[in-house]
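Novice: Quick one: dock chain against chain with the hints and give me the complex.
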Amino acid sequence: MMHLTRHPLDVNDLLAAVHGPERGGTCVFTGTVRNDGDVTGIEYSAYEAMAFAEIERILGEAQAQWTDARVMLQHRLGLIPVGEASIAIAAAAPHRDDAFRACRFVIEEVKKRLPIWKKECRADGTTSWVDPSGKAVTHGP
Amino acid sequence: MGKVSVRFFARYAELAGCTWSAVNLETPATVADVIAQVREVFPGTKALPPQPLAAVNLRQVRLDALVNEGDEVALLPPLAGG
Numbered sequence: 001m002m003h004l005t006r007h008p009l010d011v012n013d014l015l016a017a018v019h020g021p022e023r024g025g026t027c028v029f030t031g032t033v034r035n036d037g038d039v040t041g042i043e044y045s046a047y048e049a050m051a052f053a054e055i056e057r058i059l060g061e062a063q064a065q066w067t068d069a070r071v072m073l074q075h076r077l078g079l080i081p082v083g084e085a086s087i088a089i090a091a092a093a094p095h096r097d098d099a100f101r102a103c104r105f106v107i108e109e110v111k112k113r114l115p116i117w118k119k120e121c122r123a124d125g126t127t128s129w130v131d132p133s134g135k136a137v138t139h140g141p
Numbered sequence: 001m002g003k004v005s006v007r008f009f010a011r012y013a014e015l016a017g018c019t020w021s022a023v024n025l026e027t028p029a030t031v032a033d034v035i036a037q038v039r040e041v042f043p044g045t046k047a048l049p050p051q052p053l054a055a056v057n058l059r060q061v062r063l064d065a066l067v068n069e070g071d072e073v074a075l076l077p078p079l080a081g082g
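In the order they appear, the protein sequences are chains A and W.
So the first sequence is numbered by my numbering: it starts at 1 and just counts up by one.
So the second sequence is numbered by my numbering: it starts at 1 and just counts up by one.
Isolated chain W (complex conformation) (with noise of 0.2 angstroms):
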């Protein structure tokens, strides 16, 4: 087992009720586990849309990506800057 971080922000954390986590599951992982573990734990975060953006280690990747243990998890709402 190994810990990841996950990380929210602005509408996922407030459906998650905070801004940071880890959860513990089997590494190397996809992005895809870690988000169907975060809706087990986090009940708020079922509303995540069925495919949200997601980066790992500050760059967006696809949600079939690796994750290993210590690895930062950052689920993104729609990007709005600009």
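Isolated chain A (complex conformation) (with noise of 0.2 angstroms):
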């Protein structure tokens, strides 16, 4: 499975992916655009070679911390409209507690390790850069 896409996210793949009689408990994680103020549209876009790297490595991380369980996301690039989904995350393992962690763990890793961007689109045009600091960069359309 591609850890980069330009196509909507469909969760069952990712399902697909981790499911296994012997892992009886399953997480899933799905990160949506907002509408915040006016917000139509956030456009992904990533260094990609590190970006899949990185996925690689933090997949490998939790592989290597919870050994019974299967983890896989998918991250999608482009403009991407309110309402769907940019990231998906989906853990499976024996019992319930180790799926939630393991899913917690990539979320959170990913929002502190992987080269991604985003720019905000408005209805009237203008875009802007998101810098999680706070400090937003304003364009005119």
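No lab work stands behind these hints, which were simulated from the structure alone.
Ideal Cβ positions, reconstructed from N, Cα and C, are used throughout, including at glycine.
Possibly wrong hints are sitting among the right ones.
Here are the simulated DSS-like cross-link-like pairs (lysine-lysine), alpha carbons at most 30 angstroms apart as the crow flies [what the hints assert, rightly or not]:
| id | chain 1 | residue 1 | chain 2 | residue 2 |
| --- | --- | --- | --- | --- |
| 1 | W | Lys46 | A | Lys119 |
| 2 | W | Lys46 | W | Lys3 |
| 3 | A | Lys112 | W | Lys46 |
| 4 | A | Lys111 | W | Lys46 |
Ranges between beta-carbon positions, derived for each pair [said to hold, decoys possible]:
| id | chain 1 | residue 1 | chain 2 | residue 2 | range |
| --- | --- | --- | --- | --- | --- |
| 5 | A | Ala16 | W | Ala47 | 16 to 26 angstroms |
| 6 | A | Arg122 | W | Gly44 | 23 to 33 angstroms |
| 7 | A | Asn35 | W | Thr30 | 35 to 45 angstroms |
| 8 | A | Asn35 | W | Lys3 | 41 to 51 angstroms |
| 9 | W | Pro50 | A | Ser128 | 19 to 29 angstroms |
| 10 | W | Gly2 | A | Glu22 | 45 to 55 angstroms |
| 11 | W | Ala47 | A | Glu22 | 52 to 62 angstroms |
| 12 | W | Lys3 | A | Thr40 | 37 to 47 angstroms |
Specialist: Written out as structure tokens, the structure is:
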């Protein structure tokens, strides 16, 4: 499964990748574009080679920590409309505690480590880069 | 002198006016040395923060990390994945 895609995410694909008869607990996380203010969508861009390598490293670390679990993630790139998912993570483990923990680990590491950037697009045609530190840079239409 | 690739992304690409370039400098150098040279070559990048995030060969590194000829240095705006 490709970790980076420009197509809408399908959680069922992720579930199929992690499900197994020995794994009784499955946790799914999706991150969805919000309608903050008059935002109509977010354009996601990435340093794709590094993002792919970093995702592989994060999943490897999760696998090493929860050896009986299976975790998969996909991140969508390109313009994503409000209401559609930008990221989906599925974690399956023999029991629910490890599924929750592995899923949480992966999304938190993604937030800290993936070289991906967001540009908010608004109804009036303006755009701005999203800076998690809170500093926004606005551009005209 | 060694040639080092430099990549810019998102807002930093807008500041640099390009997404990819190369600089020549004495190697091994540090990431900070590469950034100092980038600031000279691309005036728009003077607006970069004093200590931007950086990666060498697809791994995030500190600014005192060593850079060798042929390496790829990437300057990363604040990460916003997820």
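Novice: That 23 to 33 angstroms hint for Arg122(A) and Gly44(W) (C-beta), does it hold up?
Specialist: Holds, since Arg122(A) and Gly44(W) (Cβ atoms, about 25 angstroms apart) stay within the stated range.
Novice: Between Asn35(A) and Thr30(W), does the C-beta distance stay in 35 to 45 angstroms?
Specialist: Given range 35 to 45 angstroms: holds, Cβ gap about 44 angstroms.
Novice: Do Ala47(W) and Glu22(A) keep their Cβ atoms within the hinted range of 52 to 62 angstroms?
Specialist: 54 angstroms Cβ-Cβ, so the 52 to 62 angstroms window holds.
Novice: Using the C-beta atoms of Pro50(W) and Ser128(A), is the stated range 19 to 29 angstroms upheld?
Specialist: 22 angstroms, holds
Novice: Evaluate the given range 41 to 51 angstroms for the C-beta pair formed by Asn35(A) and Lys3(W).
Specialist: 46 angstroms, holds
Novice: When you check the alpha-carbon spacing of Lys112(A) and Lys46(W), does it fall within 30 angstroms?
Specialist: Holds: Lys112(A) and Lys46(W) sit about 25 angstroms apart, inside 30 angstroms.
Novice: Given a hinted range of 16 to 26 angstroms, is it respected by the beta-carbon distance of Ala16(A) and Ala47(W)?
Specialist: For Ala47(W) against Ala16(A), whose Cβ atoms are near 46 angstroms apart, the range 16 to 26 angstroms is violated.
Novice: Checking one constraint from the list: CA of Lys111(A) to CA of Lys46(W), max 30 angstroms. Satisfied?
Specialist: Holds - the C-alpha atoms of Lys46(W) and Lys111(A) are around 27 angstroms apart, at most 30 angstroms.
Novice: Measuring from beta carbon to beta carbon, are Gly2(W) and Glu22(A) in 45 to 55 angstroms?
Specialist: Because 52 angstroms falls inside the window, the suggested range holds.
Novice: Does the structure keep Lys46(W) and Lys119(A) at a Cα separation of 30 angstroms or less?
Specialist: 22 angstroms, holds
Novice: Is 37 to 47 angstroms respected by the C-beta to C-beta distance linking Lys3(W) and Thr40(A)?
Specialist: 43 angstroms, holds
Novice: Given the proposed pairing of Lys46(W) with Lys3(W), does the C-alpha separation stay at or below 30 angstroms?
Specialist: 21 angstroms, holds
Violated hint for the displayed structure: number 5, the only one.
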